[in-house]
Amino acid sequence: MKSQHVLNFLLGIYIFIFFSYLFGPLIIMSITAFNSAEFPAITPWECFSWRWFSEGKIAYDGQHLAGLSTDWRLHDGLISSLIIGFGVVCLSVPIGLAASIVLTQVHSRLRTLFYSVSIMPVLFPGVIIGISTVVLWDRIATIGGDGLISDLGRNGIFLTILGQTCFISTYCFLIFVARLQRFDQTQEEAALDLGASQTQVFFKILIPYLRPAIASSAVIAFLASFENYNTTVFSILSDQTLTTVIASKVRLGISPAISALALVIILLTLIAAITYEILKRREDKKKKERQDLLLFEETQDSRLKREMKGSFRMPKSIFLVLALIVVGLFGFNQLVKNGLYGSECVKAAEIAKKSKFSDQLKLLQQNVGTVDEKSLKAGELGGTKDYNNIFGDPNLFKNFGGLDNKSPNNSSNLFSID
Amino acid sequence: MKYFFDKNGPLVSTYFIIAIIFWLVFLIIIPQLYMLDLSFRPNLPPLLRGGPDDVHTLIHYKHFVFGSETNTERFNYVDIGVFFNTILTAIFVTIINLCFCYPIAFYMAKVATPNTSRLLIVSLIIPFWINELLRSFALRILFAGEGVINNILLGTGLIDTGINFIAMDIALYTGLTYAYILLMIFPLYNAIESLDINQLEAAKDLGSSPFRTHWRIVIPHAKAGIASGCTMVFMLTAGALATPVVLSSPNTYWFTQLIYQWFNMNDNWSRGSAYSILLLTISVVFVLLMMRLFKVKIGEIIK
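These protein sequence lines map, in sequence, to chains R and H.
Quick note, the first sequence lines up with residues 1 to 418 if you use the numbering used here.
Quick note, the second sequence lines up with residues 1 to 303 if you use the numbering used here.
Calculated directly from the structure, the hints in this document are not laboratory data.
For clarity, every value in this text was computed on a predicted model and none was experimentally measured.
Each residue gets a CB set at the ideal place from its N, CA and C atoms; glycine is no exception.
Treat the hints with care, since some could be wrong.
For the chain H half of the interface with chain R, some residues (derived, Cβ under 7 Å), not all of them [what the hints assert, rightly or not]: (1) 11; (2) 23; (3) 31; (4) 34; (5) 35; (6) 104; (7) 127; (8) 137; (9) 138; (10) 141; (11) 239; (12) 246; (13) 256.
Cβ-Cβ distance ranges computed for the label pairs, FRET-style [unchecked claim]: (14) 295/H / 268/R: 42 to 50 Å; (15) 284/R / 198/H: 25 to 33 Å; (16) 207/H / 9/R: 19 to 27 Å; (17) 21/R / 281/H: 27 to 35 Å; (18) 144/R / 196/H: 54 to 62 Å; (19) 281/R / 7/H: 40 to 48 Å.
Please model the complete structure; the sequences and the hints are all you need to start from.
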C-alpha cells in the first residue's frame with residue numbers, strides 16, 4: 001500500500017511537470033505582451049503597458065513597431081484567413097458528407113480502396129499538398145490561356161481553399177463516418193415504407209440525424225483552415241493570411257505585438273472552452289435530474305428527494321479563480337508600488353535609453369577626433385580597446401529595437417520565408 | 001450504378017458523385033500525379049514547356065544524390081545529410097513523445113476519476129487550439145539568448161555565460177516535441193481506455209509487478225493506439241515547416257525548408273517537386289513499416 005502512495009505521488013509530480021511544460025511557455029508569452037520593452041522578455045522588465053495591444057511604438061531610431069490595432073498587415077491577413085476559412089467550410093463539409101454516406105453504400109472490396117484513398121491526404125505532409133495544388137493549377141492556368149481560368153489558377157486565395165479542402169475534407173469525412181456508424185438503418189426503411197421519396201429520406205431523416213456532426217465538422221474545418229501554415233505558405237502565392245503574416249513577423253524581428261496577438265487568441269480559446277464545458281455540464285446535470293426524477297417517481301422513496309434538494313455545492317474551480325485574482329492583484333500592486341506602471345514610467349525608460357544611445361554616439365565621435373594616422377595604417381584601430389567594448393554589449397543593440405535579429409543569439413534562419 | 005441512383009434519388013446521387021469526383025480526382029489524385037510527373041522534367045522557362053526539351057529526366061534526383069555538376073565531392077552530402085537528419089530527428093521526437101505521453105494517457109484513462117480526466121482533456125486541448133507558429137514563438141521567448149531560461153540560470157548562478165539553446169538545436173527539438181504531443185496522447189488514451197480494468201486487477205492479484213503489468217497487458221492492448229500516435233507524430237514532425245522556421249538554428253535545415261528554398265527562392269519548381277516526392281516516399285514507407293510492425297490496418301491508424 002505504501003509503495004502505491006509513493007507511485008501516486010510521483011505520478012502527480014509528473015503530471016504537474018507535464019502540464020507546466022504545456023502551459024508554461026504560453027503563460028510567459030502572455031506576460032511579455034505587457035512589457036513595454038521592444039523585445040519580448042520578462043526579466044529586464046521596463047514598464048507595464050498596453051501599448052502592444054493598441055498603437056505599438058515608434059522607436060527613437062525611427063523604426064515603427066506596430067501594435068495590434070494599427071497593424072494593417074495583420075488586418076489584411078485576418079480578412080483573407082476568414083474568407084479562406086469560410087470557403088473551406090463550404091467545400092469540405094459537403095464533400096465529407098457525400099463521401100461518408102457513399103462509403104456505407106459501396107461494396108466491401110471497393111470500400112477498403114475508397115476508404116484508403118479518402119484518408120490519404122491526412123498522411124501527406126501539408127507542404128506536399130500545397131506544392132501539388134500550385135503546380136497543377138499553374139499548368140492549368142497556362143493551358144487555359146487568358147480569362148477566368150487563368151485568373152483563378154493564379155489566385156492565392158482560391159488555391160489555398162482548394163489545397164486546404166483536400167485534407168480538411170478528410171477530417172469532416174472521419175467525423176461523419178463516426179456518427180454514421182451509430183445510425184439506425186431501419187429509420188430509413190420505415191420512411192420508405194411510409195411512402196417517402198429517396199430525396200425526402202435524405203433531407204428529412206439523414207440530414208437531421210447528422211446535424212451535430214455537421215456543426216462539429218464545420219467548426220473543426222474552420223479552425224484547421226484558420227491555423228494552417230504548411231499548405232498555405234505555398235498555395236497563397238503573393239497574398240497573405242494571418243499565419244503567413246505571423247510567420248514573417250516572427251522571423252523578421254520578434255516583437256511583443258505577437259505576444260499580444262497570442263494572448264488574444266489564448267483568451268478567445270479559453271472563453272470558448274469554458275463556455276463549452278459549462279454548457280456540457282448543464283446538459284449533463286439536466287439529464288441526471290431527469291433520471292433522478294424518474295427514479296424517484298418509480299420508487300417513491302422520499303430519501304432520494306431530500307438528497308436532490310440539498311445538492312447545491314460550491315464548485316471547486318471557484319478557489320482557482322479566487323487564487324488567480326489574488327495573485328493578479330498582488331502582482332499589480334507591486335507594479336504600481338515600484339513605479340513600473342503608467343505613462344511616466346514609459347517616458348522615463350525612453351529618456352534613459354536615449355541618453356544611453358547618445359552617450360555611445362559621443363564616445364564614437366570622440367574617438368573619431370583622436371584618430372592617430374599611424375595606428376590607422378597599422379590596423380590597430382577599431383577594436384574593442386578603443387570603444388570600451390561597446391560592441392560586446394548586447395544591451396546596446398537590443399535597445400535599438402528591431403536590430404535584435406542581427407545579434408548572434410537571435411539570428412534566424414538563412415532562408416528568409418515571408 | 002443503377003442501384004445507387006435508385007437508393008439515393010437523382011438529385012442526391014448527382015451531388016454525391018460530383019462531390020466525390022471533385023475531391024478524389026481533382027484534389028487528391030491529379031495534383032499528386034502531376035507533381036510526380038513534374039519531378040521528372042527539367043526546369044524550363046514557361047515558353048519552352050511542351051517543346052522538344054521537355055523530356056523526362058532524372059536530373060533532380062541525381063542532384064539530390066550527387067550534387068550539382070560543379071560539386072567536387074562524391075555525393076551531395078548537404079542535402080542527403082539534411083534528409084537523414086530530418087528523419088532521424090523525427091524518429092527521435094516520436095519516441096520521446098511516446099515515452100512522455102504514455103504515463104499521462106494511462107493516468108487519464110485508468111487512474112483518474114471521470115471528471116478529472118475530462119478536465120485534463122479540456123486543458124490538453126486548449127494549448128493546441130493556438131497556432132503552431134505562436135507556440136513556437138513562446139518557446140523562442142524562453143530559449144532566446146536573453147530569454148527566460150538563460151536569465152534564470154544566470155541569476156541562480158548555475159552557469160556563467162548564457163547557453164545558446166537555438167544554435168544547439170535544443171529549442172528546435174523541444175518545439176517539435178511540444179508541437180504534436182496531443183496527437184500522441186489521444187490515440188493512446190482511446191486505446192488504453194477500452195482496456196477492461198478487471199484485467200489490471202487480475203494481474204495484480206496474481207502477483208505481477210506494475211512494470212510487468214504494463215509490458216504484458218496494457219501495451220499489447222494499446223498497440224493500435226501506439227501505432228497510430230507514432231505515425232501521426234512522425235508524419236507531422238517530418239513534414240513540419242512552422243516550428244523549424246521559428247526555432248531552428250541558422251546552420252540547421254529541415255528538409256521542408258530545403259523544399260521551400262528550391263520552390264520559392266530559386267524558382268525551381270520541378271526540383272522542389274522531386275524533393276517533395278522524396279519526402280512523400282519516406283512518409284509512405286514509414287506508414288507501411290508501422291502497419292507491418294504493429295500488424296494494424298490503415299483504418300486503425302487514422303481515427
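Against the structure, the hints:
1. 11: holds, 5 Å
2. 23: holds, 5 Å
3. 31: Cβ of residue 31/H sits 4 Å from chain R, so the hint holds.
4. 34: Cβ of residue 34/H sits 5 Å from chain R, so the hint holds.
5. 35: Cβ of residue 35/H sits 4 Å from chain R, so the hint holds.
6. 104: Nearest chain R Cβ about 6 Å off; hint holds.
7. 127: Given a least distance of 5 Å, the restraint on residue 127/H holds.
8. 137: Hint on residue 137/H: holds, closest Cβ of chain R at ~5 Å, below 7 Å.
9. 138: holds, 4 Å
10. 141: At about 5 Å, which falls below the 7 Å cut-off, the nearest Cβ of chain R leaves the hint on residue 141/H intact, so it holds.
11. 239: holds, 3 Å
12. 246: holds, 5 Å
13. 256: Holds: closest Cβ of chain R sits about 5 Å from residue 256/H, inside 7 Å.
14. 295/H / 268/R: 42 to 50 Å: holds, 43 Å
15. 284/R / 198/H: 25 to 33 Å: holds, 27 Å
16. 207/H / 9/R: 19 to 27 Å: holds, 23 Å
17. 21/R / 281/H: 27 to 35 Å: holds, 34 Å
18. 144/R / 196/H: 54 to 62 Å: Once the Cβ atoms are compared, 60 Å apart, the range 54 to 62 Å for residue 196/H and residue 144/R holds.
19. 281/R / 7/H: 40 to 48 Å: Between residue 281/R and residue 7/H, where Cβ atoms are some 41 Å apart, the hint holds.
Comparing the model with each earlier hint shows no violations; every hint is respected.
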